[in-house]
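Colleague: Sequence:
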Amino acid sequence: MNDRPPNVVNADAVKETVYRDGEHWGGSYKPLTPVMEQQKGRLGMNLSRLPPGHSGCPFHSHALEDEIFYILSGRGVFRYGDDICEVGPGDCLSCPAGTGIAHQLANPFDEELVYLAAGPNNPNEVCRYPDSGKVMVRSLHQVGYLREAPYMDGESDPPRIFELLRRQASS
31 MNDRPPNVVN ADAVKETVYR DGEHWGGSYK PLTPVMEQQK GRLGMNLSRL
81 PPGHSGCPFH SHALEDEIFY ILSGRGVFRY GDDICEVGPG DCLSCPAGTG
131 IAHQLANPFD EELVYLAAGP NNPNEVCRYP DSGKVMVRSL HQVGYLREAP
181 YMDGESDPPR IFELLRRQAS S
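Numbering (our numbering), first residue to last: 31 to 201.
Calculated directly from the structure, the hints in this document are not laboratory data. Certain hints may be false.
Unchecked claim - Distance ranges between label pairs, derived from CB positions:
1. G83 - S162: 15 to 23 Å
2. E46 - L194: 46 to 54 Å
3. H54 - Y100: 18 to 26 Å
4. P160 - P180: 34 to 42 Å
Here a beta-carbon is modelled for each residue, glycine too, at the ideal position from N, C-alpha and C.
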């Protein structure tokens with residue numbers, strides 16, 4: 031009775047992914063729900079670690095994805111909108127999507143912060159980063175800056191559909 035189905039995962043058996051960007055950005059995570067990744071948009075959970083002096087990601091808000099963080103050990107600070115508070119073991123942080131309220135977790139302390147992170151991985155997610163003005167559009171695999179433009183900016187006159195229709199008729 032040692033064989034386990036693929037939906038039973040022990041955290042010690044999961045490969046940890048470490049990511050870093052500069053001196054103060056990055057951490058590590060272990061995906062604990064790999065069978066949920068087969069169909070994007072399903073609930074998933076990671077075991078995450080933030081080393082001292084790091085934040086895992088920029089201050090951001092989600093259009094579609096709720097996120098929940100449950101602190102297992104260490105201490106951190108949680109930024110939610112204009113509020114900042116210290117968090118520690120047993121604290122559960124809820125970040126509902128669609129509110130426009132951004133959030134961020136960081137570790138300014140001397141010990142590692144360990145927490146569970148739960149949420150979907152929606153293929154159509156859009157995130158806004160208020161500190162930098164960036165936007166992430168997951169379906170386009172793009173992070174960047176939007177610029178305002180008139181609705182018809184860059185569109186041909188006559189519309190391209192008429193050219194395509196002429197080509198099709200002459201084929």
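Colleague: Each of the hints needs a verdict: does it hold here or not?
Modeller: Status of the hints after comparison with the structure:
1. G83 - S162: 15 to 23 Å: Because 20 Å falls inside the window, the suggested range holds.
2. E46 - L194: 46 to 54 Å: holds (50 Å)
3. H54 - Y100: 18 to 26 Å: holds (24 Å)
4. P160 - P180: 34 to 42 Å: Taking Cβ atoms as reference, P160 and P180 lie about 25 Å apart, which means the hint is violated.
Hint compliance for this structure: hint 4 alone is broken.
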